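2 protein chains.
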Amino acid sequence: MTRFRLTVEYDGRPFMGWQRQAHGPSVQQAMEEAVFALFHEEVTFHAAGRTDAGVHALAMTVHVDIARPVSAHRLADGLNARLRPHPIAIIHAEEVDDDFHARFSCTRRRYRYRIANRRAPLALDAGRAWRVPVVLYADDMNKAAQVLVGQHDFMTFRSAHCQSDSPVKTLDRLTVRRLGEMIEIEADARSFLHHQVRSMVGCLMLVGRGKWTKGDLKAALDARDRAALGFNAPPDGLYFVGADYPGDR
Amino acid sequence: MTRFRLTVEYDGRPFMGWQRQAHGPSVQQAMEEAVFALFHEEVTFHAAGRTDAGVHALAMTVHVDIARPVSAHRLADGLNARLRPHPIAIIHAEEVDDDFHARFSCTRRRYRYRIANRRAPLALDAGRAWRVPVVLYADDMNKAAQVLVGQHDFMTFRSAHCQSDSPVKTLDRLTVRRLGEMIEIEADARSFLHHQVRSMVGCLMLVGRGKWTKGDLKAALDARDRAALGFNAPPDGLYFVGADYPGDR
Chain X
1 MTRFRLTVEY DGRPFMGWQR QAHGPSVQQA MEEAVFALFH EEVTFHAAGR
51 TDAGVHALAM TVHVDIARPV SAHRLADGLN ARLRPHPIAI IHAEEVDDDF
101 HARFSCTRRR YRYRIANRRA PLALDAGRAW RVPVVLYADD MNKAAQVLVG
151 QHDFMTFRSA HCQSDSPVKT LDRLTVRRLG EMIEIEADAR SFLHHQVRSM
201 VGCLMLVGRG KWTKGDLKAA LDARDRAALG FNAPPDGLYF VGADYPGDR
Chain R
1001 MTRFRLTVEY DGRPFMGWQR QAHGPSVQQA MEEAVFALFH EEVTFHAAGR
1051 TDAGVHALAM TVHVDIARPV SAHRLADGLN ARLRPHPIAI IHAEEVDDDF
1101 HARFSCTRRR YRYRIANRRA PLALDAGRAW RVPVVLYADD MNKAAQVLVG
1151 QHDFMTFRSA HCQSDSPVKT LDRLTVRRLG EMIEIEADAR SFLHHQVRSM
1201 VGCLMLVGRG KWTKGDLKAA LDARDRAALG FNAPPDGLYF VGADYPGDR
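Quick mapping for you: the protein sequence lines, in order, are chains X and R. FYI, in the working numbering the residues of the first sequence are 1 to 249. FYI, in the working numbering the residues of the second sequence are 1001 to 1249.
Simulated from the structure, these hints should not be mistaken for lab results. Since this is a predicted model, take the numbers as computed values, not measurements. Beta carbons: idealized from backbone N, C-alpha and C, even for Gly. Just so you know, not all the hints are guaranteed correct.
Claimed, not checked - To give an idea of the interface, some chain R residues facing chain X are shown, with a C-beta separation under 10 angstroms as derived from the structure:
#1 P1025
#2 H1056
#3 A1057
#4 L1083
#5 I1090
#6 I1091
#7 H1092
#8 A1123
#9 L1229
Stated by the list, open to error - Computed far set for chain R versus chain X, every beta-carbon distance over 10 angstroms:
#10 E1041
#11 D1077
#12 N1080
#13 R1118
#14 Q1163
#15 D1165
#16 D1225
Whenever a hint applies, use it, and build me the whole structure from the sequences.
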């Protein structure tokens, strides 16, 4: 058995999410079927983050154990050939020690959320950004976002389906910046609650359009109550950007 | 009759190109059908550039004459509603004088070409960039590109189907730069020959991988012969970025 660490890019639109589901296609299932097609091995992939339906990944870290002797390079090429026509690509592969675990060894997850702040529909970014037609003030959003940084009980920003033991998380970074008509929100933490990024983005949108103040955002956090959530942003704009591990440069 | 100038974004993948075709869907046809659905008027759209099948637009300028009294704002919203589910969006609309012509008044066309310089397939940019798996040296490409800038007989870089009166064109700018794994090539000119950008990009790719020198590119230009063309890049990576007109800021 050799353990491989893979970096995976995917378009979340056709999938029910990363994780295997009984009722629809998943990235995990497509990858496990690709390994079976290659080596007739039934394997289980483990990922740094379990993205929801419609959420994308620029660089999701996963690991898998393979019995057949194969180089990382050939494994990546073989999987990429078998993954077609799924919008999933192995962009990096390497052998790792058996104690590497994509989920449990991960020390930091990084997400990006893209808001297309424009009136017109999205021809090139349909399903790949959240279109908000009213003017948003990114500077106000960025200032307000800082009340969420640090260790907090994020119960307000947690989905009812969240399986985390505790709602207390430490948010290391939350930045909002405008790039032309796009507003990019970046969030870093060791781990996130289910829907946390989308829930934070939804409330920041309310700040950006002037419906909420920084104080309202703080009050929503302090309420520790899902009912205090202002808005949950759709999956379209969310990207898993990367995962960090001890020893990574 | 009121003449409207519209700026249009589209994903070229589902279309045979901008121009109406007997044998398949086009952006022009979709837009003319949207006007008919709105106002029962049979109109003809004129565009700054007639992009080929699979070529995209970030901001194509077009014009159209509409008899029904309507504001630019309502025309854009109405067209966007009727264009669904086509990946076409009207991102700007304004009334213009009757002497404005999207094609004949245009003083400069701007194109961008995106090369994804990586081995892995494209999960997020499939059909939206040209994947070149061998390492390309963007600096070499940029230096060589400068031999094409200026007024030249671009016969080598012209498709057999080109309808231009003359193969002599003035290329105002051709730049190549690397942004991570992406190589972006930008080309500006008053007008281009059919396939000129894709043909220039194809030859620059040969320079980038070390198969051609700057001298080879110059020799291909000087040959004034389509047979001297090194490579024609696919449409996937090509974007019509914008058109300039007298009086634009």
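Evaluated hints:
no.: 1; hint: P1025; verdict: violated (14 angstroms)
no.: 2; hint: H1056; verdict: holds (7 angstroms)
no.: 3; hint: A1057; verdict: holds (8 angstroms)
no.: 4; hint: L1083; verdict: holds (8 angstroms)
no.: 5; hint: I1090; verdict: holds (6 angstroms)
no.: 6; hint: I1091; verdict: holds (4 angstroms)
no.: 7; hint: H1092; verdict: holds (8 angstroms)
no.: 8; hint: A1123; verdict: holds (4 angstroms)
no.: 9; hint: L1229; verdict: violated (29 angstroms)
no.: 10; hint: E1041; verdict: holds (22 angstroms)
no.: 11; hint: D1077; verdict: violated (8 angstroms)
no.: 12; hint: N1080; verdict: violated (5 angstroms)
no.: 13; hint: R1118; verdict: violated (7 angstroms)
no.: 14; hint: Q1163; verdict: holds (27 angstroms)
no.: 15; hint: D1165; verdict: holds (33 angstroms)
no.: 16; hint: D1225; verdict: holds (36 angstroms)
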